[in-house]
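Chains as they are written, first to last, in this note's numbering: chain A, 1 to 321; chain V, 322 to 626; chain F, 627 to 1006.
Hints listed in this document are in silico derivations from the structure and should not be mistaken for laboratory results. Some hints could be false.
[As the list claims (entries may be wrong)] Cβ-Cβ distance ranges computed for the label pairs, FRET-style: (1) A:Pro225 <-> F:Pro782: 54 to 60 Å; (2) V:Ile487 <-> F:Pro922: 58 to 64 Å; (3) V:Val454 <-> F:Glu878: 36 to 42 Å; (4) V:Val363 <-> F:Asp810: 51 to 57 Å; (5) F:Asp843 <-> A:Gln217: 27 to 33 Å; (6) F:Asp722 <-> A:Gln217: 49 to 55 Å.
[As the list claims (entries may be wrong)] No more than 27 Å apart at the CA atoms, straight line, and that leaves these computed lysine-lysine pairs for DSS-like: (7) V:Lys580 <-> A:Lys161; (8) F:Lys641 <-> V:Lys518; (9) F:Lys786 <-> F:Lys750; (10) V:Lys509 <-> F:Lys750; (11) V:Lys509 <-> F:Lys893; (12) V:Lys518 <-> F:Lys748; (13) V:Lys518 <-> F:Lys786.
[Stated by the list, open to error] Some chain V residues near chain F, calculated using beta-carbon distances under 10 Å: (14) Glu355; (15) Ala359; (16) Ser447; (17) Leu506; (18) Ser507; (19) Glu511; (20) Gly521; (21) Val528; (22) Ser529; (23) Tyr531.
Think of the CB as a built atom: it goes at the ideal place given N, C-alpha and C, for glycine as much as any other residue.
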Amino acid sequence: MDSELRNYVVRRTLQIPVVLFLVSVIVFGVIHLPRGGPVELIAGRATDAIIADLRDQYHLNEPLYVQYVLWLEQLARGSLGTSIIARQPVTSMIASRLPVTLFLAFSSSVLAVLIAIPAGYISAVEQYSWKDHLATILAFVGLSIPNFFLGVLLITVFGVKLGWLPITAGSDLFSGLRQTVEVFLMPTIALGTAMSAQTTRILRSSMLDVFSENYVQVARAKGLPQKVVNRSIVFKNALIPVITVVALQTGYALGATVIIEEVFALPGLGRLMVRSVLQRDFPVVQSIVLFYAIAYLLLNFTADILYGVIDPRIRYGGEAT
Amino acid sequence: MSFANSLEKSGDVVVRLPFVERRHLRLVRELLTERKAAVSFVFLALLVFSAVFAPVIAPYDPTEPNYEESYASPSVDHPFGTDSFGRDILSRIIFAARISLYVGLGSVGFAMLVGIPMGLFAGYASPSRAETVIMRLMDALLAFPGIVLALTLVSILGSSVTNVVIALAVGYVPGFARIAHGATLSLKEEEFIMSAKAVGTPTRTIVSRYLLPNAAAPLIVQATLVFAFAILGEAGLSFLGVGAQPPTPSLGLMILSGKDYLSQSIWISLFPGLTIMAIVLSLNFLGDALRDVLDPKQETDRRIQ
Amino acid sequence: MSDSSAPVLEVRDLKKHFSTGSATTGLLSRLLGDSNAGPVKAVDGVSFDLLENETLGVVGESGCGKSTMGKSILRLIEPTSGEVRYDGESLTELPDREMRDRRQNLQLIFQDPGSSLNPRMKVKHLLREPLTNFRSLSREELDRQIDELLGQVDLPTTVKDRYPHELSGGQQQRVVIARAIALDPEVIVADEPVTGLDVSVQSNILATLADIQKELDLSLLFIAHDLAVIRHISDRVMVLYLGHVAELGDSEAVFSNPQHPYTRMLKQSIPRSHPEQSKDEVEAATGEPPSPSNPPSGCPFHPRCPAHIGDVCEEEYPEAVELTDGRTVACHHFEAGDEPVPEDVDLSAEETAADGGPAVDSSADSGPSVADVAEGNADG
């Protein structure tokens, strides 16, 4: 690995703790700063005694920076606190729901790639043909449809009207392959459509860019048949920025599971988050947001590194010395 | 045109930018030659118009219930049908579109007002500690997926349309800051910037008059994209129940309210959803066309150059 | 320094180092033994005076730091260390606001007019800019001055409404010059002003510059790599090598009888029949210039020097010393007070005070100097 690249990786890696620290401050600040603290928001539904008790239990009477340090200590111990509403350790709550969310995000990404590769490839290779136009229009539509709207429509058509797929998920989602597919098919489509559209367009434009590169012209001038050129050179090179985009999109997918899980009543992290937000269960909200942020951060970081490998210009950005 | 004249007179002409004379008119004209963009432009213009004149245009009151007419399917009286309260969907959509546009404009505007100066400053001051602090802060903000951040903020601030604007805006600030920062970094080394400094032009003038217009292209494209995200975001938040509160008409809320009646009265959810699609689609077409017109090799999405 | 004019600019030990990457990555690179990890020492200790009304030429190969030096002097790039004084007042320590004020007197002509003129501004706006920055003038007065400026650089007033890309290279450069003289400055740093232009245009521009210098009583710091141009236009000349001053003195003296081995090499590499030799050909004759991020130890020229003495050239940096004809040279062959060596004498064949004797003490009268030996004279 040449030194410029190494420097870039080192630099980006060193930024992670800094950013993580800022993230934790933001999470903490957002939850704890407003109007006397998070418990006040529950005020309407609890007696004063219970509130006082909660404040004690969660150390909310301490000065802010003390609370922050206490939280960090708690995190260092591996604990995410206890849910106010459910009175369970947050860690186990998250752990039990994590597989659903991860599976959903992952399968949406896979779907996006499965659709984008053939669609983008054909679009670029047969540019301006009817296939290209169709794909482009479909991509645009896919990008524009709100994912929860699509989900709602899917439920209506396939769940209610046709009865092919279950409307709500049971309790154990991974008990059998068929059941898993049935439960996750529509949510994956709902979430993955926009991602597929975006990835298709990126692949298409990336391939078009590569087509015009010098080395492709050279290959064609040398007499290599177009198909060979397409498949070997262009596609492989065009794929690289797409990989970066996919990494980014998986991060996006993680966030978007919040809505999709609501629509399909899936017992995942997103649904837990929405419920906790509405119930003001701040230890849960805090932990989930932190989790999302870290996951997203790592995905972004991976994407940046990949991009740095490809495009040398990025590495030469100036930083404070 | 002076271009043609100059080709006659001088020897070697250094050709730089293709659009020079009356740049902005030319831009609009080029923009509209792309059919999709033209249609989108018209649609959005109509939308803005109807949003502004909503009270005049909407045939019915959007919030007044009229139980006799509830669940009416689309007809001449009610082109988009009525909802469970008997309210005319079309009228509600017109008012809801107003909200959507308000959220879009508000969040994009706010994000630009905060993010762009931060990015410009960070880029111009580079390399410096201030730059590092700002950009790390932007990275930290970007670490949160949009919906998650907005959801958390709205839950803290309270559920209202204005709070949705703020919550979304916070998430959009880093995007604009990054673009402004990147553009400034690359422009800063240009000799004409140094030349301006050499003849004594003050820094704020250099930044506003030289750096900003050159950074304007990717920023404008970003603005149209983010506008589309804001529309989707507001709808999503309302759908979750943390955005606009009933009886305020919001496209997301309308979809939510129709969710349980989909098999019988699909129009309650369908038309608001289609409206969102139309708006976002138009914005995407427009953004794409803008990108082609302003600069084919944009920095807004990542590709091999 | 027999000249009685006062120095307009005094540059003392000017340094500009560019760091690649951040402090941590630099450390990491050095730990891992990367040779190119150090800062780029573009300018590494340059000292000279610019006298009133003189044209001081600056020559050197590409990468020797000439352009960086020019911009650093005017604080368009902030120097890493060193001092620059203008009319006795320190520029390097001025706060930004006052520095901006001084810029009226210190202007720069950039190398590539295509990139130094804002492509979105018409010529009249480009010329208005310096004027509106510092003077409050009426619109008519502005226009009048602009017309006058255009006349001074031999441009027709019709170019006022043109954009830079609609002008030829020569015309663009004239606009750059007009911008530089708009505020009637005392000092102009001209950074390779004719390098990118067609040969036929170059002499015209040079003539215009010479005229302007006379008209406005300017001091001109003229940076270039074309020796013939420098020789023609400069009163004194400064030869730069890898961010250091190799030789500085009266232009004719330096060119007719170069002292520093590098200057000699430069002069020899100009074939008589092709006075407009390209940069690349010069380099091919003299070898590749080393990289400023990894400069040689001691005297930076020692790897390529035909008059290389020995260890001292690799270990010690030769401080600049003054010869009897007023010029300064930075080379271990010379001591303060030496006579210039005639051109045909081969430096490497001579014994110098630096040879023999482990503890070099060049200030003592330890023996005949180079010049003495060369001329066959041995002073007492």
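Hint by hint, here is what the structure shows:
{"no.": "1", "hint": "A:Pro225 <-> F:Pro782: 54 to 60 Å", "result": "holds (58 Å)"}
{"no.": "2", "hint": "V:Ile487 <-> F:Pro922: 58 to 64 Å", "result": "holds (60 Å)"}
{"no.": "3", "hint": "V:Val454 <-> F:Glu878: 36 to 42 Å", "result": "violated (56 Å)"}
{"no.": "4", "hint": "V:Val363 <-> F:Asp810: 51 to 57 Å", "result": "holds (56 Å)"}
{"no.": "5", "hint": "F:Asp843 <-> A:Gln217: 27 to 33 Å", "result": "violated (57 Å)"}
{"no.": "6", "hint": "F:Asp722 <-> A:Gln217: 49 to 55 Å", "result": "holds (50 Å)"}
{"no.": "7", "hint": "V:Lys580 <-> A:Lys161", "result": "holds (14 Å)"}
{"no.": "8", "hint": "F:Lys641 <-> V:Lys518", "result": "holds (21 Å)"}
{"no.": "9", "hint": "F:Lys786 <-> F:Lys750", "result": "holds (5 Å)"}
{"no.": "10", "hint": "V:Lys509 <-> F:Lys750", "result": "holds (23 Å)"}
{"no.": "11", "hint": "V:Lys509 <-> F:Lys893", "result": "violated (38 Å)"}
{"no.": "12", "hint": "V:Lys518 <-> F:Lys748", "result": "holds (18 Å)"}
{"no.": "13", "hint": "V:Lys518 <-> F:Lys786", "result": "holds (22 Å)"}
{"no.": "14", "hint": "Glu355", "result": "violated (25 Å)"}
{"no.": "15", "hint": "Ala359", "result": "violated (27 Å)"}
{"no.": "16", "hint": "Ser447", "result": "violated (12 Å)"}
{"no.": "17", "hint": "Leu506", "result": "violated (15 Å)"}
{"no.": "18", "hint": "Ser507", "result": "violated (13 Å)"}
{"no.": "19", "hint": "Glu511", "result": "holds (6 Å)"}
{"no.": "20", "hint": "Gly521", "result": "holds (4 Å)"}
{"no.": "21", "hint": "Val528", "result": "violated (14 Å)"}
{"no.": "22", "hint": "Ser529", "result": "violated (14 Å)"}
{"no.": "23", "hint": "Tyr531", "result": "holds (7 Å)"}
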